[in-house]
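For the protein sequence lines, the chains are A and B, in the order given.
Residues in the first sequence are numbered consecutively from 1, following this note's numbering.
Residues in the second sequence are numbered consecutively from 1001, following this note's numbering.
Check each hint, because a few of them may be wrong.
Label-pair restraints from in silico Cβ distances [as the list claims (entries may be wrong)]:
1. R1323(B) x E26(A): 41 to 49 Å
2. Q73(A) x T1256(B): 48 to 56 Å
3. D1237(B) x M69(A): 45 to 53 Å
4. P75(A) x S1397(B): 47 to 55 Å
5. R1228(B) x R89(A): 22 to 30 Å
6. T1401(B) x P75(A): 36 to 44 Å
7. E1270(B) x R89(A): 17 to 25 Å
8. E1263(B) x G76(A): 29 to 37 Å
9. L1285(B) x E26(A): 13 to 21 Å
10. R1105(B) x R89(A): 28 to 36 Å
11. P75(A) x D1237(B): 49 to 57 Å
12. R89(A) x P1087(B): 53 to 61 Å
13. A1203(B) x A92(A): 51 to 59 Å
14. V1220(B) x A92(A): 36 to 44 Å
The hints are simulated quantities; they were obtained by calculation from the structure and are not laboratory data.
Even for Gly, the Cβ is constructed at its ideal location relative to N, Cα and C.
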Amino acid sequence: MRAVIAEDSVLLRIGLVKVLEMAGFEVAAETGDAEGLLAAVEEHRPDLALVDVRMPPGFTDEGVRAALMIRSQYPGTAVLLLSQYVEERYAADLLSSRSGAGIGYLLKQRVADVEEFVDALRRVAAGGTALDPQVVAQLLLRRGGPDPLERLTPRERDVLALMAEGRSNAAIAAGLVVSESAVAKHINNIFAKLDLPPAAEAHRRVLAVLRFLDGTP
Amino acid sequence: MATRGALRRTYTWIASHAPWSAWAWRNTVFATAAIPPALPLLLGAAALVALPGHTALPLLLVLALRPLLTLLQRSRFRTLLGLEVPPVVHEHRWATVRGLAERLRSESTWRQYGYHLLVSPLAAAGAAVLVLTWAGGAAGACVYAWFWVLPSDGELPAPGWTAQYDAITGLGVLALLAAPWLAAALTRIDATAAAALLGPNRARELERRVEDLAESRAGVLDAADLERRRIERDLHDGAQQRLVSLAMNLGIARATLTDLPPEARAVIDEAHREAKEAIEELGSLVRGLHPAVLEDRGLDAALSGIAARAPLPVELTVDLARRPGSTVEAVAYFVVSEALANVAKHARAERCSVHVGRVADGRRGDLLRVVVTDDGVGGADPAGGTGLTGLRKRVGSVDGTILIDSPLGGPTTVTVELPCGL
C-alpha cells in the first residue's frame, strides 16, 4: 500500500510518516501544500492520501478542496482528512462525492491514539470510512423534523453512529460493551426502520450511514 | 458666619471693581481691543455711505475676511482674557470647492458672521464709550488740578471754587468708579456672545464626539479581536501542533515498545494521557479565544461545533442570509458558548435550543438575535455569577442588549440582541 502525506507542520509530518510506516504503508511522497499534494497523487497514484485541511497559502480549507478533486479525478485513491476542528459540511461534501475509494475525516488530535488511528488508516485504505465521533455527533444534531431516524431507539442510534464512524460489528460490540450478535440484531432493526431491503450487506451499511448523514434516502 | 462670608464676598467683589484694580484694567484693555477687528466693518460701512454705488463691496470684504477676523477675535479672547474659544473644525480644506461649500452650508459660519457683523461693531462702540468714560472721568475728577498744571495766561478762567467745577469733579469721580463696571459688563457680554457665536455648536460638537468615540471604540474592539485571532493562530500553528506531535510520538512509543518493564510503560501511558489532555485543554482555550472555524465558515459552522461538544442535546438553528461583522460574530459565538457552559453547569436541563437570526429594528438597523433556551431549573440570577456578568459585559461592548428570563423552576431564556452594523 502506498500513501502520500500533505501536512504543513514538519514536526507532525515526521510523526505521520512513522505511523504510516508502522501501519504497513509505503510513504511515496510528503508535501506541505495542496498543490504539491495533487502533483504527488498525479505522479504516484497512491492507495491513500493523508491530508491536512488547513494548509498554505490560505490556511482555510485547501485540504478539503484538494480532497474533493482527488476523489473526482483519481477514484482509486482513498482520502483521509485531518482537521483541527470538526465541520460537518466538509464531511457531507466528501461523502456526497461518491467515489469507490475509502474516505475518512478525523480530528487531528486523534493521531495521538496511534492504534486507533492505524486502524482508521487501514479501514479507509481498504475502501471503508472513518468519521470522527464529533463529526457524527454534529450530524446527528442537525437532524430536525420528521425523520425515519426518529423511529430508532437510542441504542440503535448509538449503533448507527458507530457505523457512521466506519466501525465493524466487532468494534461496535466492543465499544458499546454488548455481544456481536446483539449488534447484528440492532443493525437489522435499523435497516428495517430505514426501509432498506436486504441486499449486499456492505451496501446496506453504506446506505444506512448515508441516510443518517444527510437525512435523504 | 454665612452672612459674614457673604458680606466679605460682596466687599471683595466691589473692591475688585476699583478703578486701580488689575481686573478693571484687564477688562478695559480687552474691551478696547474690540475696536481694531471691527475696523473693516466700520470702514466698510463708511465706504457704503461714501460710495453708495458699491454696496456689495464692504459686505464682500467682511465675507472674505471672516476667517481672519475669527482668528483675531479668538486670539484677543485667549491672550487678554485667557478664554479659549474652541475652533470650528471643518472636514475639507478651505481652498477647495468642497471646503467652500462645506463652509457655506455650515451654520457655524453664519453664526460667526453674526458675531462679526453685529456684536463686533457694538463691542467697538461700547469700547469707545468706555474710553470716553475713563478719559472724561479722569479729566473731570482732576478739574481743579488743571489750574495748577496749566499756565494761567488768561485763556482759562481764574482758579476758584464754583458749584459748576464741584459738579464736574463729582461726575468725573463717578465716571472713574463706573468705568470698571462698564468694562466688566462689556467683557462679559462679549465673552458670552463669542462663546455662543464664534465657537462650534455644542450639541453638534457632542454629536461629533460621540461619533468619534463610537468609531474609536469600534477600532479598539476590532484590534482586540484581531489580537485574539493572532494568538489563536499562533497557538494553533505552534503549540497545538507540537503537542499533537508529542502525543503521537508517545503513542508510537506505547504501541511499539511492548517489551518495556511495567513501570516504564506506566510512565509512557501517563505521559501520553497527559499530552492528550493538554491538547484538549489547549483546544478549548483556543476555541474560547476565537475559533478558526468562525473565521473560515461563519457562525453556523462554529456554533454547530459548540453544540456537538455540549454535554446535552442542543437544537441549533442559524438563520442568516449574510454574515454579520466579524466582531459581532465573535460576540455571538462567545454568548452561545458561555450560555451553553452555564446551562451545562447550573441548569440541570434535559435539552437546550439555540436560535440565531437577523431581525430588523427601525431604530438601530439590523440586529443579530441570539436566543438560548433550556428546560432546566431556572433561577439564573443576572446579578450573581461571573458567567452572566461576563456575558453582559461582552454584549455591552458592542452596544448589544441582553435579557435573562429565568423564573424558579424554569425554563430559562437568554435573549441577546447585537447591532449588526458594527
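Hint check:
no.: 1; hint: R1323(B) x E26(A): 41 to 49 Å; verdict: holds, 44 Å
no.: 2; hint: Q73(A) x T1256(B): 48 to 56 Å; verdict: violated, 36 Å
no.: 3; hint: D1237(B) x M69(A): 45 to 53 Å; verdict: violated, 24 Å
no.: 4; hint: P75(A) x S1397(B): 47 to 55 Å; verdict: holds, 51 Å
no.: 5; hint: R1228(B) x R89(A): 22 to 30 Å; verdict: holds, 24 Å
no.: 6; hint: T1401(B) x P75(A): 36 to 44 Å; verdict: violated, 53 Å
no.: 7; hint: E1270(B) x R89(A): 17 to 25 Å; verdict: violated, 38 Å
no.: 8; hint: E1263(B) x G76(A): 29 to 37 Å; verdict: violated, 47 Å
no.: 9; hint: L1285(B) x E26(A): 13 to 21 Å; verdict: violated, 38 Å
no.: 10; hint: R1105(B) x R89(A): 28 to 36 Å; verdict: violated, 52 Å
no.: 11; hint: P75(A) x D1237(B): 49 to 57 Å; verdict: violated, 33 Å
no.: 12; hint: R89(A) x P1087(B): 53 to 61 Å; verdict: holds, 56 Å
no.: 13; hint: A1203(B) x A92(A): 51 to 59 Å; verdict: holds, 56 Å
no.: 14; hint: V1220(B) x A92(A): 36 to 44 Å; verdict: holds, 39 Å
Hints 2, 3, 6, 7, 8, 9, 10 and 11 from the earlier list are contradicted by this structure; the remaining hints agree with it.
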